[in-house]
Amino acid sequence: MSSAAGIAPWSDDQAESARMVRDSAAGFLDVARARALRGTMPGFSADAWREMGALGWIGLLVPEEAGGSGLSMVEMCALAEELGRGLAPEPLIPCVLSAMLLAEAGEREVLAQLLAGEAVVLTAWQDRANTLAVCTDAAATRRFVPMAAGATHVLLPVGDALHLVNARDCEITTEATHDGGHLGTLRPGAGRAIGRADVAAALDRAALATAAYLLGGMESGYAMTLAYLNTRQQFGKIIGTFQALQHKAVDTKLPIALTRAAVEEAAMDPTRAACSRAKARASEAAMIVGQNCVQLSGGIGYTDQYDVGLYLRKAMVLAPAFGGAALHRARFMDLTPETEDA
Amino acid sequence: MNAITPIEPADLNALEDEAFRLHIRAWIEANYPAEIRNPPKRLHWEENKSWYFKLAEKGWLCPGWPREFGGLGLSPTKQIIFTEELERWGCARSNDHGIIMLGPLLIRYGSAEQQQHFLPKILSGEHIWCQGYSEPNSGSDLASLRTSAVLDGDEYVVNGQKIWTTLAQDANWIFLLVRTDPAAKKQEGISFLLVDMNTPGITVRPIINLEMHDEFCEVFFDNVRVPRANLVGQLNKGWDMAKALLSFERIYLGSPRQSAYALTRLRQLAERMGVWEDAVFGQEYARHRADLADLKSLYGRYVEVLKRGQPLGADVSQLKIIQSELFQRITETMMAIAAENAGLMEPMEGNRNLNPAGLYIQARPTSIYGGTNEIQRNIIAKNVLELP
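Heads up: the protein sequence lines correspond to chains G and U, in order. Quick note on numbering: my numbering labels position 15 of the first sequence as 15, and the sequence is numbered without any gaps. Quick note on numbering: my numbering labels position 334 of the second sequence as 1334, and the sequence is numbered without any gaps.
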């Protein structure tokens, strides 16, 4: 089921385009695929990566003249939502970010490899936890690089330029994450300067796309939970007849509805404030929904074999990625002027 | 504000949305009585009738009614703009049960005679209506209502009691849900009846609420004789007719206006109490701000449904839950920072913008009226989540 919650304020063309992108993701909805890749290195499928390239997804936000699909955040969010349903582990959002930066900086050769799914280019933008500030110090160790073991190249903001570094020239250590992937710590090697790009603006879009991915995951975990409430019996009754569980189920739906409203509105006009508001909502909601779904599923929800737990574990990793709820809420506040409207 | 080009009602729909908005705005600002802007309580008829008559005289009293019935026949989009402009200026809600509840019901289900007799009297302000649904033992379980109407010749004889009847003391007519078939399943024995409040046997007793305001009343019926012609729609079909109008109420109750108003007052209070720069307060305030912005986004999606002329589904109930609970949380923050002022009956320092207790108390019933939030959760669980 989807969180029926009114209608997105999109034009008919936008809605149709989003629908087509969603349909193209039908092959990535199987959570069993994601489950099987957990704990492997680099943690995702090279075949799937090339397919994502062939589908035009990696260059979805790259202008057509640079070899991309030239689409907008409406399609990007629709796609990310579908990938979230299937918990796809491929680093699509981090690489969409890198593709935007490579295109903007005028680097065509590695961009072409990336868009084809032959390369994995990760942007190592942060040097510490809990920040939205782009680290531009060439020597700084970079932290929390998602799926770093799969990188062929690393993009480093240095000063006001971007440097492109071969991954094999970097010293990379990884830490396993709860979703079966990993985060890398990276001591950058020497690369070459390729040009300039607005890293902060691209990070806004990555944050919004991550919010959409979390939304898809929330909906899938929630749908599983509703199905469970509709079949499991105790005390001779379907447990979904119990009002305490019904109300908890409704309270789990409300943050999903708010997330969809915030994400789809931001997708249409992705200002920095709108992206921050959507990511703040999604990061907070994904944890609430994830933990409520585990609770509503009872003992089975606490087992590794049951998929509901996978959605919670993904939320644990992605809620803080590209900035968590508190950071984004604070930035939304800073960017939105107080109005005297009442 | 005197250079307003007059526009005939017939031409309002032809205006571009933004031009329409500015036209409505200019007229409201020029004509709304300043002394009743942002009233702290629901106003009585004596206090707001001048505004009712101004709207009536302008022909703008019933923006949603079709033109052939004396309304403006505005498109859904323009009706929403109209409401937004009233809210923006802090216009008081009038005695509007005839306008928003009974009128649309008569237009949809009433006989031609009923339409011709009653609708013009709403438009002229001759009839002020109130709604008799809830009873002392039929609140959330409204369908269990017991006020009876028994046919005797050409009249129904009504006996029973209604409660939580908003502004009944101001009304001269009441529309009632009454039991006409005590043997049928509870929803199937209910009819819809129109009653003149001046009929012998009716007693109205105001109830003082936590605001110390007599907004609600009890209404008693003791052998009240009502002409048979005042039955609306088919006998025993009253429940379905009343229910058909409730989704409108839920989107109205889900409008962000109460929370937006409270948030502005919270900021003023925080500045006065010296906590505006406090980091802990700042985080709580930021949460309310983001919650309000997301509520506005969600509300916009339901407005979009109306704009496209589609029916609102049962999921609109979630809007009412989110709005009322946000409004309450904001006022709870006000109480937490107000310290000793939290117990004051009157606004602090005579400044009506600094009234934490007043807003806190006003926020309490929003999760009770219009179907309690627990009932809304039951509705969503059953009709949206399709739980057994």
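A portion of the hints provided could be inaccurate.
Stated by the list, open to error - Lysine-lysine pairs mimicking DSS-like chemistry, simulated, CA-CA at most 30 Å apart: (1) G:237 to U:1296; (2) G:248 to U:1186; (3) G:248 to U:1041; (4) U:1185 to U:1121.
Unchecked claim - Label-pair restraints from in silico Cβ distances: (5) G:233 to U:1283: 54 to 60 Å; (6) G:337 to U:1245: 25 to 31 Å; (7) U:1346 to G:337: 30 to 36 Å; (8) G:13 to U:1368: 39 to 45 Å; (9) U:1143 to G:231: 50 to 56 Å; (10) U:1143 to G:133: 23 to 29 Å; (11) G:16 to U:1210: 49 to 55 Å; (12) G:187 to U:1017: 42 to 48 Å; (13) G:23 to U:1208: 57 to 63 Å; (14) G:40 to U:1375: 58 to 64 Å; (15) G:236 to U:1332: 51 to 57 Å.
In short, the hints are calculated from the structure, not lab data. From the three backbone atoms N, C-alpha and C, an ideal C-beta is built for every residue, glycine too.
A quick look at each hint next to the structure:
For the hint pairing residue 237 of chain G with residue 1296 of chain U, the CA-to-CA distance comes to about 39 Å; that exceeds 30 Å, so the pair is violated. With a C-alpha separation of about 29 Å, the suggested pair residue 248 of chain G and residue 1186 of chain U falls inside the 30 Å cut-off, and the hint holds. This hinted pair does not check out: residue 248 of chain G and residue 1041 of chain U have alpha carbons roughly 34 Å apart, beyond 30 Å. Between residue 1185 of chain U and residue 1121 of chain U the CA atoms are separated by roughly 35 Å; this puts the pair beyond 30 Å, and the hint is violated.
Remark: the range hint 54 to 60 Å for residue 233 of chain G to residue 1283 of chain U is contradicted by a beta-carbon distance near 43 Å. Checked against the hint of 25 to 31 Å, the pair residue 337 of chain G and residue 1245 of chain U fails, with Cβ atoms roughly 39 Å apart. Taken as a hint, the range 30 to 36 Å holds for the pair residue 1346 of chain U and residue 337 of chain G, whose Cβ atoms sit roughly 32 Å apart. For the hinted restraint 39 to 45 Å between residue 13 of chain G and residue 1368 of chain U, the CB-CB distance of approximately 44 Å keeps it satisfied.
Roughly 30 Å separates the CB atoms of residue 1143 of chain U and residue 231 of chain G, a value that falls outside the hinted 50 to 56 Å. In this structure the supplied range 23 to 29 Å is violated for residue 1143 of chain U paired with residue 133 of chain G, their Cβ-Cβ distance being about 59 Å. A hinted range of 49 to 55 Å for the beta carbons of residue 16 of chain G and residue 1210 of chain U is consistent with their spacing of about 51 Å. Look at residue 187 of chain G against residue 1017 of chain U: about 57 Å separates their beta carbons, and that is not inside 42 to 48 Å.
Judged by the Cβ atoms, the range 57 to 63 Å given for residue 23 of chain G and residue 1208 of chain U holds: they are separated by roughly 60 Å. As the Cβ distance of residue 40 of chain G to residue 1375 of chain U is approximately 50 Å, the hint placing it in 58 to 64 Å is violated. Range check, residue 236 of chain G to residue 1332 of chain U: Cβ separation about 41 Å, and the 51 to 57 Å hint is violated.
Hints 1, 3, 4, 5, 6, 9, 10, 12, 14 and 15 from the list above are not met by this structure, while the remaining hints are.
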